[in-house]
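J.: Please build the complex by placing chain B with the ligand on the supplied structure of chain A, with the hints as guidance.
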Amino acid sequence: MWSWVAHRVTGVLIFFFLFVHVLDTSLVRVSPEAYDKTIEVYKTPVVAVMEYGLVAAVLFHALNGLRVVAVDFWANGARYQRHMLWTVVGVWVALMAGAAYPVLGHAFRELFGS
Amino acid sequence: MAIEISEVAKGDEGGRRYGPDNPAPVIEPPRARTHRTPRTTRTNFELYGWLFMRVSGVLLVVLVITHLVIQLVLDGGVSKVSFAFVAGRWASPFWQVWDLLMLWLAMLHGGNGLRTIINDYAQRDTTRFWLKMLLYVATVFTVLLGTLVIFTFDPNIS
Ligand code: HEM
Numbered sequence: 002m003w004s005w006v007a008h009r010v011t012g013v014l015i016f017f018f019l020f021v022h023v024l025d026t027s028l029v030r031v032s033p034e035a036y037d038k039t040i041e042v043y044k045t046p047v048v049a050v051m052e053y054g055l056v057a058a059v060l061f062h063a064l065n066g067l068r069v070v071a072v073d074f075w076a077n078g079a080r081y082q083r084h085m086l087w088t089v090v091g092v093w094v095a096l097m098a099g100a101a102y103p104v105l106g107h108a109f110r111e112l113f114g115s
Numbered sequence: 088m089a090i091e092i093s094e095v096a097k098g099d100e101g102g103r104r105y106g107p108d109n110p111a112p113v114i115e116p117p118r119a120r121t122h123r124t125p126r127t128t129r130t131n132f133e134l135y136g137w138l139f140m141r142v143s144g145v146l147l148v149v150l151v152i153t154h155l156v157i158q159l160v161l162d163g164g165v166s167k168v169s170f171a172f173v174a175g176r177w178a179s180p181f182w183q184v185w186d187l188l189m190l191w192l193a194m195l196h197g198g199n200g201l202r203t204i205i206n207d208y209a210q211r212d213t214t215r216f217w218l219k220m221l222l223y224v225a226t227v228f229t230v231l232l233g234t235l236v237i238f239t240f241d242p243n244i245s
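Residue numbers (this note's numbering), protein chains in the order written: chain A, 2 to 115; chain B, 88 to 245.
Just chain A, same shape as in the assembly (with noise of 0.2 Å):
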């Protein structure tokens, strides 16, 4: 119950990022110094932390959705669910510290220096 919610917030969120995204994105027929200046503003720490927080969504809603993927064509699936759940969650936390240094790195070094 509680993982249809979070599918659910997860993919509402990633889809109202993505409308920001492709507009921010179509600033490159504006001019490069527009697309540069916005981009500027998704390096400052405060973005950082939100575009891990988007990682966070993306990676829980695409494991999570090839868990239900499975439980809906795997004969097996519904038998499995609950153990596919931890997997997803197991996974998730992996993921999660792995993408730490590469997403919150550079926002750590200009908080506290080199």
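If you are wondering where the hints come from, they were derived from the structure by calculation, not from laboratory data.
Backbone N, C-alpha and C fix where the C-beta goes; we use that ideal spot for every residue, glycine too.
Be careful, since some hints might not be right.
Said to hold, decoys possible - Listed next, with one range per pair, are the computed distances between beta-carbon atoms: (1) A:ASP73 x B:ASN109: 17 to 25 Å; (2) A:ARG110 x B:TRP182: 22 to 30 Å; (3) B:ASP99 x A:VAL21: 47 to 55 Å; (4) A:GLU34 x B:ARG141: 21 to 29 Å.
T.: Chain B with the ligand in isolation, oriented as in the chain A frame:
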């Protein structure tokens, strides 16, 4: 939606798996049909929508995870992203097609997902209608804008 049916899937109280000889209990449909329900909806639109969510989801795993690794992890993460970086990537038709496919699949997948959510929560007919109109306009607008940007990108714009 994948219904959480772990208890059913495990079998009855005796742990016997359900099957032809040991049929599972019938689950009543949540919304009964009334005299106002049309006899048939004539199309299998919802079935294809359901299937599309799963097929596009699996494809999006590859498209989106690779996209995130390239944009946020490799070569200094987001710090290296700039107009020049975009120009370098879209110089290749491979990444143009990649991004185009990702845009269309993600927007249609997300749009169809939001349609389901609106149908679930917006109870008044007019509210539901206008929310969906807003959704469709935003989705078509975003898909067209993104497609236009990918196809008309000009590295020497200024
Ligand atoms: C990364 C790979 C992805 C996978 C594997 C995936 C998988 C799925 C699946 C299987 C469903 C159907 C769930 C159901 O019928 O109960 C779903 C629903 C949904 N997805 Fe995705 N998805 C992915 C990416 C995305 C993206 C990029 C967006 C946003 C643009 C998105 C937004 C949604 C929304 C809004 C729903 C509806 C949720 C609901 O009805 O509760 N998904 N996803």
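J.: Indicate, hint by hint, whether the structure satisfies it.
T.: Evaluated hints:
Taking the beta carbon of each, ASP73 (chain A) and ASN109 (chain B) are about 23 Å apart, inside 17 to 25 Å as hinted. Remark: the range hint 22 to 30 Å for ARG110 (chain A) to TRP182 (chain B) is upheld by a beta-carbon distance near 29 Å. For the hinted restraint 47 to 55 Å between ASP99 (chain B) and VAL21 (chain A), the CB-CB distance of approximately 50 Å keeps it satisfied. For GLU34 (chain A) and ARG141 (chain B), the Cβ-Cβ distance of about 42 Å falls outside the hinted range of 21 to 29 Å, so the restraint is violated.
Consistency note: the structure conflicts with earlier hint 4 alone.
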